[in-house]
Amino acid sequence: MRKKKYFSRTVIFLVCAILALIFLLPTLLTISNSFMTQTEITANYGVIFQNASGSGGKTYVSEKVNLKFIPDKVSLEQYITVLLKSPDYLLKFWNSVILVVPIVVFQVAVASIAAYGFTRWRGRVRAAIFFFYVILMLMPYQVTLVPNYLVSDWLGILNTRWAVILPGIFAPFSVFLLTKFMRRIPYSLIEAAKIDGAGEWQVFTKVCMPQCRAALYSIAILVFIDYWNMVEQPIVLLPDAEKQPLSVYLSTINTGEVGLAFAIATIYMVPTLLLFLHGEEYLVEGIATQGSVKG
Amino acid sequence: MTDHRQRKLKDLALSLCFLGPSLLGVLIFFVLPFCVVVYYSVIKNTINPEFVFLDNFIALFQNSAFRDAAKNTAVFSALAVPLAVVLALGLAMLLEARIPLKSQFRTFFLSPMMVPVASVVLIWQVLFSNNGVINEFTALFGIDKIDWIKSEYGQIVILTLFLWKSLGYNMILFMSAIANIPKELLEVADVEGASETYKFFAIKLRYLSPTVLFVTILSLISSFKVFREVYLMTGGYPVSSLYMLQHFMNNTFQSTDFQKMSAAAVVMAIAMVVIIAVLFKVEDWFGKDVEG
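Chains as they are written, first to last, in the working numbering: chain A, 1 to 295; chain B, 1 to 292.
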């Protein structure tokens, strides 16, 4: 009996290991391929991107596609191009930072205040508004993006960074998550603070926020990942290529520059990776508190 | 009496202070735009804003590109969403077993969240293009090459991409829900000699139903977001089976046909609200006797 249990656990472990590896593969591939030279990339994937990379020169192109994890020779060629040779990429990286950081910081700030409002005072109207937020949260981009374009045109912020940042700040996603989290805080805590003579703002900052630290962190990571990889919003709302984030540039990258794309993608992954490794526990906890959509 | 009223007023004022900033932003950047869409969908055009009521919608439903796009989107979501829910639940159950490296596995399953789209698209092309890895592999068994992305199998390519991206997140939602199932109930079932299958359907699934609903809705939303990858892989006019509603809206936007586009957006929004309402009803009916 025990033996059987041990056996089934080994099988489950192996299945999980194989699946986990498959899930991790594209990440590993991106990183390892970023250390290949352009020649090696062309040799490996030339068959696929042939027509695009036609530089005319004589390059060796393998007959078959060659999915390789370990470069023949580790080279920093791509990184040197991205980081040193042309300032364009760094500029776009900076564009990403100044778009995404304010969105994350202010979205979480606005959302915490609103979530406190939804937690402390309940009534039919507020419940209806909350439900409305849920519906808005669930709307696909395509429904809101173009009207967003029209409104930012009226407000005169079209083609400025505000056109991307402001809708980002007020996105209802984190209001929803934080409200769900705050509603779990025992009411007695708030009551006790009120008896001690604390005002609403004090209850919010001194009692409520410290309880939500993990949730705030995880929501910030989720929001960051979402906006760090945005493509549609800047294309529509910020057509000025000079101000567009690296994610947009990455998405339009020419197939002739596959090697470069992997290096840029790897650099672009670094902030996410750091947040991920640093806050993995929080992230899991934050996702786990979502549970259900209602109430 | 007046005291009570005063209290209520004070509460209202205070709650408005906290909700105010968010409400204002949501009104300007989400509600107002949507009202504009509704307005555009019932007028003739922006130069001659004559009220035409349902004309744009009738024209829309007579448009064969729209019908194809709606059909493809529906087919894809109908396939992708149940798979994303069932497979994620399966993964979560697997990881429930006492195995080493559990938290590492969890992180690995979440890793697709951080890979930039461009790199994902490149890798999927390497895998699925005509000379790609998958075809190399199937050739070993003497199977003919299939140009996956450009054939009627295109949806399968996108399906694998979608599942790869969303399973990890869904899995974590299920894992925490499984952890919250009351242990006593399962123990009682064990004592009574219930089978694993019975325990799964009669106990676990009931307690998981709010999460099933939530994951379903989330997956539905992300099944719409997969358009980004499709677009980057195939451009504005892919093979017919990959022509989605978002392609339609994108293309009508580019040709500045705002009336058609707005009508499509309104139809899409209505469809979403209907689907969500139905899912809520189903959950009410299914998980009545457990507190989610």
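Take these hints with a grain of salt, some might be off.
[Stated by the list, open to error] Think about it this way: if two alpha-carbon atoms lie no more than 27 Å apart in a straight line, the pair counts; the simulated DSSO-like pairs of lysine-lysine are:
1) A:K85 - A:K73
2) B:K204 - B:K71
3) B:K71 - A:K180
4) B:K281 - B:K199
5) B:K150 - B:K225
6) B:K199 - B:K102
7) B:K199 - B:K71
8) A:K243 - B:K225
9) B:K150 - A:K180
10) A:K4 - B:K8
11) B:K102 - A:K4
12) B:K10 - A:K4
13) A:K243 - A:K85
14) A:K5 - B:K225
These are computed hints drawn from the structure, not numbers from a lab.
Task: Hint check against the structure, violated hint numbers in rising order - done: 2, 3, 7, 9, 10, 12 and 14
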